[in-house]
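Novice: Sequence:
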Amino acid sequence: MFFCFLHRAGEITISTPIMTHAEFQLSGPIAARRIVVAMSGGVDSSVVAALAARTGAEVIGVTLQLYDHGEAVGRAGACCAGRDIRDARAVCDRLGIAHYVFDHESRFRDSVIDDFADEYMAGRTPIPCVKCNMGVKFTDLFALARELGADCLATGHYVSRVEGAQGAELHRAADPARDQSYFLFATTNEQLDFLRFPLGGMPKTQVREIAKELGLIVAGKPDSQDICFVPDGDYASLVKKLRPEAGTTGDIVDESGAKLGEHRGLIHFTVGQRRGLEIGGQAEPLYVIRLDPERQQVVVGPRRALAVKAARIEGLNWIGGDHSGPLTAKVRSLARPVPARLEGDRVVFDTAEYGVAPGQAAVLYAGDRVLGGGWIAETERAEIALAA
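In this text, residue positions in the sequence shown follow the working numbering: the first is 519, and each later residue adds one.
Source of the hints: derived by calculation from the structure; they are not laboratory data. Heads up, some of the hints might be wrong.
Within a straight-line C-alpha distance of at most 25 angstroms, the following computed SDA-like cross-link-like pairs (lysine to any residue) qualify [to be verified]: (1) 722 <-> 698; (2) 739 <-> 721; (3) 759 <-> 793; (4) 777 <-> 814; (5) 722 <-> 679; (6) 777 <-> 795; (7) 759 <-> 813; (8) 739 <-> 752; (9) 758 <-> 774; (10) 649 <-> 660; (11) 827 <-> 792; (12) 649 <-> 795; (13) 722 <-> 745; (14) 827 <-> 870; (15) 722 <-> 739; (16) 649 <-> 764; (17) 777 <-> 811; (18) 759 <-> 812; (19) 827 <-> 679; (20) 777 <-> 813; (21) 730 <-> 601.
Label-pair distances were calculated between CB atoms; the ranges are [claimed, not checked]: (22) 779 <-> 661: 45 to 55 angstroms; (23) 862 <-> 625: 32 to 42 angstroms; (24) 661 <-> 863: 29 to 39 angstroms; (25) 621 <-> 885: 35 to 45 angstroms; (26) 604 <-> 665: 22 to 32 angstroms.
All C-beta atoms in this analysis are idealised placements derived from N, C-alpha and C, irrespective of residue type, glycine included.
Build the full structure now, drawing on both the sequences and the hints.
Specialist: Quick look at the structure:
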């Protein structure tokens, strides 16, 4: 199902100094260009729509309705729900461009929300934003943009697309604080050829300045926080609602199997966590080092027990061009890339990494370029952990 809101193309003037529009350079006369912009109802995608329209191309804003939850809880910054669809529509009206809304709620629930719950039930730490990008956002939007006859699909992600000697490359954003490349490691070469990321070279302050100057109602809208479909960050409540058995209690044990306490469900814990264990009388602080869903156990140990020398990854995806030479690996969205090497399906770290959790991703870089990555299936402890 889709809903369509059409507006006649208008003229956009932006006096704020902005980047050149190389991101939108396409072959053929400008009158024949058509750009589809993925619009979540936030300030980033709204400004992308404005930049696209400024090129003189025909621009179509597309919003995927993914769920009604954000509207129900009245949560500011929840994307792709009722309020956000209205904001995206208002921005398109202001810019004078077409706006389409496609109902993908069922697809989002099956491929992202249910997967999120199942991953937690299996004792892993999921990254729903990557699954959303892999499926609903890039795969589905890619097909929709093609059906609409677009020359490219533009999004508000803070990453850069660079034309290299062997084709399009994915690079980190100029602003490290905004960089979202970790979440796009699964982008395929075919998708990258079609995608455009106009905000990769811009700071957020500049994006908001453009939105304000254009009088867009989203100029001061807060950024989405936490996981978009989880109200107030309470993911455990959502998982229990979807999987009632997730509230099964169990034991907190040390590495020898000795019981130290009890927990109220594995979904409340992730590898590297310290808070919430509520275990007293220990000689040193304890951290979650492993989750055992078969025994319903949370296994804890000292920080040195978190040291990992390597991680086996699954679903390895390479993004364009040559992948030889030194690389770094990033194992959490907020972690810094560290020197590593790839040996078969194993990412081996030059020095021990801490808090590497199955279910997360290991993303590989060569400088600022994203080489690709895969899902962490299991980890290998470092010698320091065994010798301590």
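Novice: Decide, hint by hint, whether the structure agrees.
Specialist: Here's how the hints hold up against the structure:
1. 722 <-> 698: Given that 25 angstroms is the threshold and the Cα spacing comes to 13 angstroms, the pair holds.
2. 739 <-> 721: holds (16 angstroms)
3. 759 <-> 793: holds (23 angstroms)
4. 777 <-> 814: holds (12 angstroms)
5. 722 <-> 679: Given that 25 angstroms is the threshold and the Cα spacing comes to 18 angstroms, the pair holds.
6. 777 <-> 795: Since the Cα atoms of residue 777 and residue 795 sit roughly 13 angstroms apart, the hinted pair holds (cutoff 25 angstroms).
7. 759 <-> 813: Holds. Residue 759 to residue 813 sits at ~22 angstroms (cutoff 25 angstroms).
8. 739 <-> 752: Holds, at about 22 angstroms.
9. 758 <-> 774: Violated. Residue 758 to residue 774 sits at ~30 angstroms, over the 25 angstroms cutoff.
10. 649 <-> 660: Judged against 25 angstroms, a Cα distance of about 15 angstroms means the pair holds.
11. 827 <-> 792: holds (21 angstroms)
12. 649 <-> 795: Given that 25 angstroms is the threshold and the Cα spacing comes to 29 angstroms, the pair is violated.
13. 722 <-> 745: holds (20 angstroms)
14. 827 <-> 870: Holds, at roughly 5 angstroms.
15. 722 <-> 739: The hint holds at about 12 angstroms.
16. 649 <-> 764: Holds: residue 649 and residue 764 sit about 21 angstroms apart, inside 25 angstroms.
17. 777 <-> 811: Holds, because 16 angstroms separates the two Cα atoms, which is no more than 25 angstroms.
18. 759 <-> 812: holds (21 angstroms)
19. 827 <-> 679: The hint is violated at about 32 angstroms.
20. 777 <-> 813: holds (12 angstroms)
21. 730 <-> 601: holds (19 angstroms)
22. 779 <-> 661: 45 to 55 angstroms: Cβ of residue 779 to Cβ of residue 661: about 50 angstroms, so the range 45 to 55 angstroms holds.
23. 862 <-> 625: 32 to 42 angstroms: holds (34 angstroms)
24. 661 <-> 863: 29 to 39 angstroms: holds (30 angstroms)
25. 621 <-> 885: 35 to 45 angstroms: At 41 angstroms between Cβs, range holds.
26. 604 <-> 665: 22 to 32 angstroms: holds (24 angstroms)
Comparing the model with each earlier hint shows violations of hints 9, 12 and 19; every other hint is respected.
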